[in-house]
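Participant: Since chain A is already given, all that's left is putting chain B with the ligands on it; use the hints.
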Amino acid sequence: MRVELWGTRGSLPAPGTETTRYGGNTSSVLVVGSEGEHILLDAGTGIRPLGLALPEDIARLDILVTHLHMDHLQGLGFFPPLFGHHVEVHIWGPPSTTMSLHRRLSRYLSPPLFPVRLRDMPRRPELHDARPYFRVGSIRVRADRICHPGGTVGYRLTDPNGSCLAYLPDHEPALGQRHFPAAREWTSGFDLARHADLLIHDAQYTDEEYPDHVGWGHTSVSQLAALASLAEARQLMPFHHDPSHDDEQLDAMTAVVAERAPSVTLLPGREGSRLELAPA
Amino acid sequence: MIAAPMAQHPIELILTRELASYLATPMFLVGPEGELLFYNEPAEGLLGYRFDEALEIPLNEWASTYQLFDSASGERLPIDEFPVVAALRERRPHHTSLTYQRPDGARLPIVVTSIPLIGQGGELLGAVAIFWEDRRG
Ligand SMILES: [Zn+2]
Ligand SMILES: [Zn+2]
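Protein chains in written order, with our numbering: chain A, 1 to 280; chain B, 1001 to 1137.
There could be a bad hint or two in this list.
Label-pair distances were calculated between CB atoms; the ranges are [to be verified]:
| # | chain 1 | residue 1 | chain 2 | residue 2 | range |
| --- | --- | --- | --- | --- | --- |
| 1 | A | ALA255 | B | ASN1060 | 45 to 55 Å |
| 2 | B | ALA1106 | A | THR206 | 32 to 42 Å |
| 3 | B | TYR1022 | A | GLY162 | 38 to 48 Å |
| 4 | A | PRO80 | B | TRP1132 | 54 to 64 Å |
| 5 | A | PRO279 | B | LEU1055 | 31 to 41 Å |
| 6 | B | PHE1051 | A | PRO111 | 32 to 42 Å |
Simulated from the structure, these hints should not be mistaken for laboratory data.
We put the CB at the ideal spot given by N, CA and C, even for glycine.
Just chain A, same shape as in the assembly (with noise of 0.2 Å):
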């Protein structure tokens, strides 16, 4: 499968120029599987111009939303193929008991903070809740809780040569614990990502950061060096980089992933950035 990368950023967009490297738009990746599925991981604004860029002739696409925190839905509302008549849209969200999917979309998608509704979409999407198990095409996928504030599922992608993606965009697995990082079966996300051929991982925080932010939602960089190193991630790349960080920032704190964790090969998560993911 191939993997781009349209928006790396969490929390807020941060466009500029100290940012120009890893990027300003929020979480949004384009998994394009080798039977022409169209995978999109998340609706940050970076979807917005991935729709522009979408060949004219594909069928079907696939949103994945980890969550329904604002970062990660913002490009829903302008996201060109949903204004379209051609494709066909999905969208897979963790499940909950007490509100549907279509609900708690419209709570954005509606006035006020949004002028059309979704059932006034020209493409009005398909909504399902993401179960532990589906498949996309010849992908198969797993959805499984982690640990970060209201419902957040990660996902993890397998395609058929056996390629596998882990995307845990918003994560916090050291949450409580007074070591991380504790034995496998007790550290949240670490199904999601064992052995995975690239893992796509929250690294908001530096180590100094993280104390003062217990219970946001996120992970620091010596945190992410220890799960990806349990987990035997082969490649690494740390994602939903803090707006407050600029380009020279996030390379230093690349750097101390890389060093933390020596047996893993560390990507830096750059917009923009595209790699074919093979199987080891």
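Facilitator: Chain B with the ligands only, in chain A's frame:
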């Protein structure tokens, strides 16, 4: 599709264990089949057994170790009536008074509240029991 073997517990159980490890209230955590996953230090004190990190103990096994009696009749409590088992089966909380026999043979009255853990998607993940010594009697 074949599910991958589970190496990791659901996040709800991980967070429950973390919470229990910070509480002074004895707390006991089981999985969906009633298998014993964790109890905290205050529970160790009351039960008289150390928690063994290495083992996940099936319901039948731990239910024969930790001896519970009906306070009124003095009869051994059947597994079906263990508060966590009832909470799992009926998917609702249970509250009851029982007698617990410690490994040294001493019996003490306890009060148990057990709560099923049901995920946002409606799945039954396990149950937790909070208990304490009943000093009223
Ligand atoms: Zn986020
Ligand atoms: Zn979030």
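Participant: Mind listing which of the numbered hints don't hold for this structure, in increasing order?
Facilitator: 2 and 6
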